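Visitor: Place chain H on chain X using the hints.
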Amino acid sequence: MHAPNDIDVDAVVERVQREPARRHELIALLDENAPLYQGRGAVVSGWIRAWLMAKFGEVGLPPEALPLVVEVLENDLEPRAVAAAALASRGMVAPSAEIVAALLTALRNLRGRDEPVDLETRDITLPTRTTTTAGLELLAALRWQPAADARTAEAIEAIDHEWPDAWNPRVGRALADTVLALRTRTPATLELVPALLSPQKPYVHTALPVGTANNLESVIVEDQSGARLPLRQYLSRSETVVAFFYTRCQNPNKCSTTITKLAELRRELTKTSPMTQIAAFTYDPGYDLPERLLRYGADRGLKFSDTVRMFRTVVGQPELQSFFALHVGYNGSIVNRHGIELFLVDADLTVSRTWSRVRWQVNDVVDAINSAR
Amino acid sequence: MDPRKYRAAVEADYAKRAKKTAGRRAAPRVEQQPGGVKEQVATLRDKSAKLSHRQAAVRKLDESNPLAKPSAMTALLDVLSDNEDNDSLRLHCLTVLQASSFQSAAFGRYTEQYTEALRAALGAKDERLREQAMDVLVLSNDPYAQQLLINGLHDPASAVVPPDQALRMLSYNTHGEQYEILRDIAASKDEPHLRNLALQALAVDSSSANTFASIAADRDDDPDARTTSAVALKSLAPERFKDLAERVIADDDDDDAVRAAMLTALSGTSAKASRPLVREAQRIVESDATEELRAAAGSYLQRHDDANQ
Numbered sequence: 001m002h003a004p005n006d007i008d009v010d011a012v013v014e015r016v017q018r019e020p021a022r023r024h025e026l027i028a029l030l031d032e033n034a035p036l037y038q039g040r041g042a043v044v045s046g047w048i049r050a051w052l053m054a055k056f057g058e059v060g061l062p063p064e065a066l067p068l069v070v071e072v073l074e075n076d077l078e079p080r081a082v083a084a085a086a087l088a089s090r091g092m093v094a095p096s097a098e099i100v101a102a103l104l105t106a107l108r109n110l111r112g113r114d115e116p117v118d119l120e121t122r123d124i125t126l127p128t129r130t131t132t133t134a135g136l137e138l139l140a141a142l143r144w145q146p147a148a149d150a151r152t153a154e155a156i157e158a159i160d161h162e163w164p165d166a167w168n169p170r171v172g173r174a175l176a177d178t179v180l181a182l183r184t185r186t187p188a189t190l191e192l193v194p195a196l197l198s199p200q201k202p203y204v205h206t207a208l209p210v211g212t213a214n215n216l217e218s219v220i221v222e223d224q225s226g227a228r229l230p231l232r233q234y235l236s237r238s239e240t241v242v243a244f245f246y247t248r249c250q251n252p253n254k255c256s257t258t259i260t261k262l263a264e265l266r267r268e269l270t271k272t273s274p275m276t277q278i279a280a281f282t283y284d285p286g287y288d289l290p291e292r293l294l295r296y297g298a299d300r301g302l303k304f305s306d307t308v309r310m311f312r313t314v315v316g317q318p319e320l321q322s323f324f325a326l327h328v329g330y331n332g333s334i335v336n337r338h339g340i341e342l343f344l345v346d347a348d349l350t351v352s353r354t355w356s357r358v359r360w361q362v363n364d365v366v367d368a369i370n371s372a373r
Numbered sequence: 001m002d003p004r005k006y007r008a009a010v011e012a013d014y015a016k017r018a019k020k021t022a023g024r025r026a027a028p029r030v031e032q033q034p035g036g037v038k039e040q041v042a043t044l045r046d047k048s049a050k051l052s053h054r055q056a057a058v059r060k061l062d063e064s065n066p067l068a069k070p071s072a073m074t075a076l077l078d079v080l081s082d083n084e085d086n087d088s089l090r091l092h093c094l095t096v097l098q099a100s101s102f103q104s105a106a107f108g109r110y111t112e113q114y115t116e117a118l119r120a121a122l123g124a125k126d127e128r129l130r131e132q133a134m135d136v137l138v139l140s141n142d143p144y145a146q147q148l149l150i151n152g153l154h155d156p157a158s159a160v161v162p163p164d165q166a167l168r169m170l171s172y173n174t175h176g177e178q179y180e181i182l183r184d185i186a187a188s189k190d191e192p193h194l195r196n197l198a199l200q201a202l203a204v205d206s207s208s209a210n211t212f213a214s215i216a217a218d219r220d221d222d223p224d225a226r227t228t229s230a231v232a233l234k235s236l237a238p239e240r241f242k243d244l245a246e247r248v249i250a251d252d253d254d255d256d257a258v259r260a261a262m263l264t265a266l267s268g269t270s271a272k273a274s275r276p277l278v279r280e281a282q283r284i285v286e287s288d289a290t291e292e293l294r295a296a297a298g299s300y301l302q303r304h305d306d307a308n309q
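So the protein lines, in turn, are chains X and H.
For what it's worth, this note's numbering labels the leading residue of the first sequence as 1, then goes sequentially.
For what it's worth, this note's numbering labels the leading residue of the second sequence as 1, then goes sequentially.
Same shape as in the complex, but just chain X:
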């Protein structure tokens, strides 16, 4: 079961544990397209990624890793991943309203799904030493997070009241204790935070060009109607909002939501920026044939047109991945994990804006398009 890279991964982790200043080295290992996830299924790759992410709780969470943690908290439904992200958030010694909001979202998402989790071992085949649950870790992170306050207590209480039976007794008690602890949080607790590091501002919006137009020279795509064309031909007609998804994604917070929001974005752009194109590319071009693309988009309200299309690559999937530096990993042809990513590509094929690992908002994208004019 051990891929050749496992030993290297263990070595990196040990090195970072010895020298926490090198914690940035963990970030590359958390990228979905890192070699250690290739050829593994979603469960094992998720297991390893959670084990790695939890290390930030121990060695400290650098600001560059915050989007990775927030993305999991906001969108993941797998208890072990959520527990790891909650633990990782405790590696940041600074008040962060963003983390508090993400922890509350995760707590809402977790109702009825909480499970015992083991974050101690990388090897899924070893016996588990369960000591915690995702719910307990989220609550511990909320108690720990300096920005959590009486309003946070109210939000937790509202979650508890809305789904009073969704938690096991251990988590139920921790909910009540956390509410009380936050409601009566004294200045002394906050004083524990050292002269405080300035609140971190994670890169939620970046404008990094991620590839050169030459990368896309040979890419041929097929749209939902079965029409084939060179990708450059489509992208060079006008600025284009590019999203990624796949129809077999099992997390409703990711691909299904992305396409539903693209449908909404299309409605907005029709009013404000009718020349802007939309292109949704599947991560899974071998399976997502035109009929599947058509059905998936239509079921989520996406109205197709000449400027609004879904694509699968027929030639050049690696080139497409490389151009956008996509956060996606594969087990053979099957996607094992992916991020949430949206790009604004100009007609000259430069990427002018990126929304990576965030729940992008339709209004933000519309504003970005309009302000670029």
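Since the hints were made in silico from the structure, they are not lab data.
Please read all numbers here as calculations on a predicted model, not as lab measurements.
One or more of the hints may lead you astray.
[Unchecked claim] To be clear about the criterion: a stretch of chain H counts as covered by chain X if any three or more of its residues have a C-beta under 8 angstroms from a C-beta of chain X, and this derived list gives those stretches:
no., region
1, 80 to 91
2, 109 to 121
3, 167 to 180
4, 275 to 289
All residues carry an ideal CB built from backbone N, CA and C; glycine is no exception.
Guide: What follows is chain H alone, placed relative to chain X:
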């Protein structure tokens, strides 16, 4: 400040406060037991009681909505977890718990113990109990259960469930770890039944399209494996399947059951019929092919009679 020191300080602060609040949470959740439940729980827990009485206790608890009574749920979970207890009773408890789990909001507080109990039940002597527990775990993508299934296929002596059941359950999760072992089983012709199940499970893997095309076209291969491969190919690469099917259907020396399956698969597509295939189907209907193949050809013509005219 070192995050570890900070965490320790905050947790110490929390622990001090938590002591003061101990017991407050439990108060609103004190169970209100209607008459009889207490006795049923006691009987269920009593290993010295007759099995029939304990079974009756499970039935009565089931009828009285056990989710509303924490003591009933805990007893059911405890019995399911206990590898020393009677397996048929444990199976009965599992059935009741499984039914309760459909009320997902109310069941949420028991999810953790249920998962642990199911994992414990994988060590039962009774194969039915092991299969049922494994099925529930795999349906919820439990990584431990999935790994046990794969281990069991590699090493049948340690398998928790028979290999055909393992293959069936592994196919629940298209994002799983199973593809390597599935390809190995599909490549071996020693056990046709298992091979066919492995091919079915591989039908979601677009990188297996070449394997399916090769098996479906091979006249010397097992007809069941060819039929499964043809159907999988139709899903993964419809055009490629159509070309292959037209060749196979036109070949009178090929297996009639496989030709019939391919004709039936082509009948189920929304694509327009091709004239050569319509002519081929007409020829088959009037030939001395097996009844199954002639019936498939007839259905094809009926479905595509627009092209027939």
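Visitor: Of the numbered hints stated previously, which ones are contradicted by the structure, given in increasing order?
Guide: 1 and 4
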